[in-house]
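Novice: Here is how the chains run, residue by residue.
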Amino acid sequence: MVAQNIFFGVIAAIVVVSALRMVTTRNIVHAALYLVAVLAGLGALYILLTAEFVATTQVLVYIGAVMVLFLFGIMLTKAPLGGVMEMTGAQWPIAAVVSLLIGGVTVYSLMARFGSDRLTSDGPIFRTADVSDEVFSTYIVPFEAVSVLLLAALIGAIVLARKD
Amino acid sequence: MLLNQFLILGAVLFAIGVYGVLARRNGVMVLMSIELMLNAVNINLVAFGVQHGVVSGQVFAVFVIAVAAAEVGVGLAIVLLLYRNRRSINVEDFDLMRG
Amino acid sequence: MEATGFDTWVLSLAVFLPLVGALVIMMIPKAYEAELKLVALGSSLVALIVGVYSAFQFDYGAAGDLQFVVDKGWIDVINSRYIVGLDGLSLPLLLLSLVVVPLCLIYSWNHVPEPGNTKAFFILLLILSTGMNGTFVAQDMILFFVFFEVVLLPMYFLIGVWGGEERRYASLKFFLYTLFGSALMIISFLALFFLSKDSSGELLHTFDMRVLSDVAGVGIIKNTQVWIFAGLFMGFGIKVPMFPFHTWLPDAHTQAPTVGSVILAAVLLKLGTYGFVRIAIPFLPEGAVSWAPWIGLLAVIGIIYGALACLAQTDMKRLIAFSSVAHMGFVMLGIATLTDFGINAAVFGMVAHGLITGMLFFLAGSVKERFHTLEISRLGGLLKSVPRMGWILGFATMASLGLPGLAGFWGEFPAILSAYNPGAGLPEETFRTYMVIAAVGTVLAAGYLLWLYQRTAFGEPPEEFAGHEIEDVNRLEWIAWTPFLVGIVLFGIWPNLIFNVTDDVVSGITASVEAIVAGG
Amino acid sequence: MWMLENAFIIPLIPAISFVVILLFGKRFIGPDRVHVVGITALGLVWVLSALAAFQWTQRVEHPPPDAVVQMASHADDHADDHADDHADDHADDHADDHVVVSENNSGDAHGGGHSSPLIRPVISTFSQWWSNGGIEFSVGTLVDGLTVLLLIVVASISLLVHIYSTEYVKDDRRYVHYYAFLSLFTAAMLFFVMAQNIVQLIVGWELVGVCSFVLIGHWWEEKPNTDAALKAFLTNRVGDIGLLVGIIVLWGTFQTFDIDAINTLIAADPGAHHLALLVAACCLMAAVASKSGQFPLHTWLPDAMAGPTPVSALIHAATMVVAGVYMIARLYPVFYEGLSVGTSSINLMAFIGGFTALIGAALAFAQWDIKKVLAYSTVSQLGYMVMALGVGAWTAAIFHLFTHAFFKACLFLGAGSVSHAAHHTFDMRKMGGLKKDMPHTYRTFVISSLALAGIFPFAGFWSKDEILLGSLVGQKNSYPLMLIFGCVVAVMTAAYMTRVIWYTFHGEFRGEGHPHESPKMMTTPLWILAGMAVIAGVFNLPGPVLEPFGLEGLAHRIQTYVEPSVYLSGLGLSHPDPSLTMALVGLALAVSGIVVTYLYYWRRVGLHGMTERNRYAKNGYTFLENKYYLDHLYNDVIVETVKRPIANWANRVNQNVLDRVVDRAGETARDTGRWIYKWIDQGAIDGSVNAAARGADSSGEGLRAIQSGKIQNYGQLLFGSAAVLAIVFVIVV
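Protein chains in written order, with the numbering used here: chain A, 1 to 164; chain B, 1001 to 1099; chain C, 2001 to 2520; chain D, 3001 to 3733.
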């Protein structure tokens, strides 16, 4: 258990720091790379939670596809790639207060509610096959809906981004 | 391991994401912050799934990832379009919601 | 008691038929305008017929009990169920809402306001209708909330798209104001869900309004009740609207298209007061008793304040809008007394205000259409240029100032009367002061309304309109207005038509409040 | 007794007539023939009212067993359970639960001719008018002597006014509406007088007010008319605050709206609830002051003369304005107990009445508009009635109401006839010398004036005499101040009426064109009313007058039939003995008023000549000079002092203070409204909403930052409020 906890601690620290850097850095490409770090760290945490399929998807979809998309977006909008720009608006103090409020109240409620709940370590472990069984039986309709959504998003993105 | 480890991590990431959405001026950055928030939710889903011993948590996490991918696609397309029309992706330059 | 046979369907039909109509219209291309309109009118009329059927099937001997009850599973996870039911409190308001929508459709038959688009306009009206009807029959808090919010969006678009010059500002203000109230309201609903206990101290975890009304907040300590009531108060009070949350109303009314104003005045404002009577008071009697003097204070301030603001208006529609603030003040004063008289008067006042102010807004719309202005100083001599409209305006004015023999009186008089002897646990002297202030309010009401009438209807028409031939009340307007006029006279002459229906429910509410106050 | 139980038919007829005229008048009946409907309806109403009156007299003469109140010595034990009875069960036949009222004969110390039996009113109710808290409230009719008296008055005057109007408003712009609202007014007034409960009183009260509003503003193209209409309505509304509050206090005290029950309860236990009754009576006095033109709310009544003259005769002289007097009479125990009429020697009601009578009469001198003279005269006479009620002379007040209705209606219609002849002017300076051109109008006008002045044997003499006598004797104490007021007013009334007659009918014609007598349709009602002005007095002749003719059985008919003895005897109301001295004094006062004024105007004509001669006479005609000196002294000092400064002062106070106060109150309310709207509503409340939004927008751009249109601002708002709500939720739950 200790090993797990240490692992969690290290990963969580990396994730949080990367996330903070991501929203504060002035370089947009750096921000994208910090996001990669966050996503990868989360993937590792999924492994820790025995969710192998989610971890795989995380890596494939997020780090593989989404990040590439982001980088393309950054390039296409001609952001100053190496340069430094004022990335944070003048209203950042308000944003900070709001996010602190939200974070604070959420953390407080979580502490109050789940203060000492332990993760059950002896529960069933779901492998990819179990996930697919569930997806294609109980959640077949949402699954189809998500498929259609992806298709619609695909077409929508093409329509929007087309030059003419 | 405590359940709360994951939940609080999620909460912190969510709050950071909120900050990013509210404070950042760059449209792409805003989208990235939204991704952060979605991921924060995903941790919660998976952690609760483990806690209750059900597979639904993972299933929903996968769904969220899929939806996030769709959202990024459309979102970036919109940013691109805006850039093409306005030569700027600074969200403060846009006040289309103005009455 | 659970309904059987066709009766199971009655309420759901009345609520959802307009929505079905809206869906059908969505399928019809814009070019088939006549068909669109017929479908819209047809669906709302069938809903009305179903409503009338329910009124005939209604057991008036047991008006205090819910009838036509349907209780089906809905969202099991949060223990929210699809429960609808009709009792003496809901019936008049449901019928009012069912009647108003087809009349609004008829009124806008040939002139959908700028920028046109009949299809969208009618679809929005029908969705609005579903939301309003649903709110009045829902017996589950989540269901209630959903319907309550469904109303918001169509109205936002009605104002924002078809409104006047400042429509964007007005619609956004309306939307944000109400949304803010709703947010507090849902918090209170959740608090009720989590905190309500039955008499044995067991946590209930239910959204069922019947159950919550029965337990009457026994398990919740008074301090908490006061807080939860505050949330409900904000949610409903903004909708009413109570002073000082009323500032969205004049803007929304002034900018809204005619039928938007009519529906807003006739039904939407009642959602708030209905919420007070249906939810806030029976669920949280102790909270209600603590809040009542303050509600009463805000109500009388509203009465005087609305009246004074009316005296300052130069725009006819805005004046009528402010008069709503004053009239709803009477309704809220009645509610605040927590007596049979007061709450009955409040329900009566809701219906009466709906008819009368709805009528006034119709008139304002027609005046605007003919004269292209609502500036009081530019109008004048309506009795000469459009005599019938002038007479109807006079009639509506008289009804609005609470003339006995017309509907407005029965909302005001018992409300003032009830303040003389407020319910158990309320300070008598305070309410007697309110009574006198409210009575003064009736004078001011007469003042601004008659002054309005003098400036618009009496005298010679101003020169800019003198030569023109101006159409008097046309046929569509007659069809749309006649039910309003008949209703105003009918309820005025025989008020028991409403009092008799509402009395049982109201007695139940006040009795439970009294029992709680006496027991606690 | 069918008519008494089904009295609701009587107001129903003109109500139907109203609907028929309004809906079908123009299209089906023909705009020039709608009066047929109105007159037919009113004829029917008159017949039915007469029938009701007859049946009531029968009921008094030969009372059915259930109608008589048995004498019992104590009623106290009934008082307690009575409240519950009435609150719970209004629909019940009232015959069952009537409390037996003790006849408290202590008031008979004066030994008045009180021999009338105690007869219950006929009450029919129709339940389920409205309901609240499980209690059903009924609508119904209460018919007793007072009701049938008012029925007769309203029906008669209204019928005559309908007939008169066919000529007077012929070819009017809105002939149809005119008749429609005359019908509605009649219906409302009849409904009002037979109200069974106080809610019905309010309904009728307001409805007659609206009809008055509509008819004053009948010619609404001219702004002064609409101003007058508005003023009338708003002033009445001010009084209605009193009405509402007073009635609510009564409800709060007795838990019933039933007039009969309230009266019975008070009579059964006088002295209880004194404070509540005092408050109720004072509040109701405000209502009376507005409706019946009592000081200080009388200012609307002269302005109301902007309406057509027949309307003034019907509404603002004979019927609607007596609604306040009627209400006092109807709820007399409330006032009697509340204001301690029985034991005091001055009270609010008597003082307001007396004072109003005085200022009204004084103001009548300063007017040049004949209708305004009559209007102030009406104010003054209404004050007389209220004063009579204030001193406990119930029957005298009602009697005066009865007689006044006829002669004042006659005077107004006469004034209308004059203006009809004299090119629609009411200015007396443009009249004069109409005596020879309009013999019928002249004669009827003079007869009615004599009646108003209180000259033997016209109707006004008898009723005025009773009022003066009532103030002299009072109940336990006499009302000396009221007696003085009454006497002064008697002189002044006679004087100003003489002045009117002088300016209108005597001297040289000062107008344009050729005056002519009015057509038959107008003079006939005048003669009927004048006839009533002569003989109306016989309905309540004192016994001693009739004794020589062996007709003492006919004495005090109004007292016998009208007085609702059930309540009043419970209060111990008494009647003074007829007094020849008082009658003579009253007559002398009236005659002196006439004579002095007549002399004044007559001398004044001569004075110009004499003054010129006076200059020559300075040399020697001392005797003549002295004679004129006296005259001069009298004219300049006494009359001028009384007339010019006092009347003008009163007039100025009236116009500049009271009227100004009313106007200022309106303006202030309007300005306050504007101010509040501008600074509080748009400035503070709306401003703070916008400012809150502005604060959220640190870039501080634009006034309405809340709709900056920037996503991120909305986002801040959204998440911020979500966070706040969550915190609230965490704290609460």
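Rather than coming from a laboratory, the hints here were simulated on the basis of the structure.
Take these hints with a grain of salt, some might be off.
[As the list claims (entries may be wrong)] Cβ-Cβ distance ranges computed for the label pairs, FRET-style:
id, chain 1, residue 1, chain 2, residue 2, range
1, A, P142, C, N2117, 30 to 40 Å
2, D, M3521, C, D2059, 30 to 40 Å
3, C, N2117, D, E3222, 38 to 48 Å
4, A, Q4, C, H2205, 32 to 42 Å
5, C, N2117, D, L3023, 20 to 30 Å
6, A, V107, D, L3718, 50 to 60 Å
7, C, D2472, A, A145, 32 to 42 Å
8, C, G2073, B, L1002, 44 to 54 Å
9, A, Q4, C, P2293, 25 to 35 Å
10, D, I3016, C, W2294, 41 to 51 Å
[What the hints assert, rightly or not] With a straight-line Cα cutoff of 20 Å, these simulated EDC-like cross-link-like pairs (lysine to aspartate or glutamate) come out:
id, chain 1, residue 1, chain 2, residue 2
11, D, K3678, C, E2375
12, C, K2384, D, E3667
13, C, K2384, D, D3172
The C-beta atom is built at its ideal place from N, Cα and C for all residues, glycine as well.
Novice: It remains to establish, for every hint, whether it holds in the given structure.
Specialist: To see whether the hints hold, each was checked on the structure:
A hinted range of 30 to 40 Å for the beta carbons of P142(A) and N2117(C) is consistent with their spacing of about 35 Å. In this structure, M3521(D) and D2059(C) break the distance hint of 30 to 40 Å, their C-beta atoms being roughly 59 Å apart. Between N2117(C) and E3222(D) the CB atoms are about 47 Å apart, so this pair conforms to the stated range of 38 to 48 Å. With their beta carbons about 36 Å apart, Q4(A) and H2205(C) fall inside the hinted range of 32 to 42 Å.
Roughly 39 Å separates the CB atoms of N2117(C) and L3023(D), a value that falls outside the hinted 20 to 30 Å. At about 20 Å, the beta-carbon gap between V107(A) and L3718(D) misses the expected band of 50 to 60 Å. For the pair D2472(C) and A145(A), the beta carbons lie near 56 Å from each other, so the given range of 32 to 42 Å is not met. A hinted range of 44 to 54 Å is violated for the C-beta pair G2073(C) and L1002(B), which are about 36 Å apart.
Separated by about 60 Å at the C-beta atoms, Q4(A) and P2293(C) break the suggested range of 25 to 35 Å. Range check, I3016(D) to W2294(C): Cβ separation about 49 Å, and the 41 to 51 Å hint holds. Among the hinted pairs, K3678(D) with E2375(C) is consistent with the structure: their alpha-carbon atoms are about 17 Å apart, no more than 20 Å. Annotation: proposed proximity of K2384(C) to E3667(D) is violated, straight-line Cα distance about 27 Å (limit 20 Å).
Our distance criterion of 20 Å between C-alpha atoms is met by K2384(C) and D3172(D), whose separation comes to about 15 Å.
Violated hints for the displayed structure, listed by number in ascending order: 2, 5, 6, 7, 8, 9, 12.
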